[in-house]
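We have chain A; now place chain B onto it with these hints.
Protein sequence lines correspond, in order, to chains A and B. FYI, our numbering numbers position 18 of the first sequence as 18, with every residue one higher than the one before it. FYI, our numbering numbers position 49 of the second sequence as 161, with every residue one higher than the one before it.
Hints in this document: simulated from the structure, not taken from any laboratory. Small disclaimer: the values here were computed from a predicted structure and weren't measured. Any given hint could turn out to be false.
[As the list claims (entries may be wrong)] No farther apart than 30 Å at their CA atoms in a straight line, the calculated lysine-lysine pairs in the DSBU-like style are these:
#: 1; chain 1: A; residue 1: LYS49; chain 2: A; residue 2: LYS78
#: 2; chain 1: B; residue 1: LYS125; chain 2: A; residue 2: LYS49
#: 3; chain 1: A; residue 1: LYS49; chain 2: A; residue 2: LYS69
#: 4; chain 1: A; residue 1: LYS49; chain 2: A; residue 2: LYS99
#: 5; chain 1: A; residue 1: LYS49; chain 2: B; residue 2: LYS169
#: 6; chain 1: A; residue 1: LYS69; chain 2: B; residue 2: LYS125
These are the residues of each chain, in order.
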Amino acid sequence: AQSVTQLDSQVPVFEEAPVELRCNYSSSVSVYLFWYVQYPNQGLQLLLKYLSGSTLVESINGFEAEFNKSQTSFHLRKPSVHISDTAEYFCAVSDNTDKLIFGTGTRLQVFP
Amino acid sequence: KAGVTQTPRYLIKTRGQQVTLSCSPISGHRSVSWYQQTPGQGLQFLFEYFSETQRNKGNFPGRFSGRQFSNSRSEMNVSTLELGDSALYLCASSLIAGRTDTQYFGPGTRLTVL
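Looking at chain A on its own, in the form it has when it is part of the complex (with noise of 0.2 Å):
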């Protein structure tokens, strides 16, 4: 069965640092890789999706995630964070069984 990891349960950044948010997962078959967002009282948005293809996806408010087969990650990267990017970031996995299998999110919280 699939998982996913998220090895950092919270990532403290200051506006306009660089922030990184991990993502490994498990598979023993091809996936499909998601980053979804959900701010406070909110559902989750999807930010970015990884199907085929290059494997560098970028989303419309500047973050990226890279697709690294070798290494089974998708880590989740913008290059200059903003107070409004405080919010928790949640990995998803999605293999043959169709099913959105999530990781525990990361929370970012971004000071001033």
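Using the frame of chain A, we list chain B on its own:
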């Protein structure tokens, strides 16, 4: 387009009672999935419905059930509530079933079991 709506937003029940949660997907979306979110277990998949049929199911006891209506609206029922059922229940809809389609989440129903 209106987003995914869930009702009620908050619910308080006591052990042993049952509860029904409702989810209205985005217009035109035919797939609805349900998730349970707790601080300890994170987000866990409950089940998915597509065209009124349960298409996929997670590892939850039979007390958790659901259904989907012809207009794609879905309900989730939990019988004989336990304290551990306290959670945020999220509903997500997508245009079609399948792992490539983007799921759009509602704001959730916060269930507290006393």
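So which of those numbered hints doesn't the model satisfy? Checked against the structure, the hints that fail are numbers 2 and 6, while the rest are satisfied.
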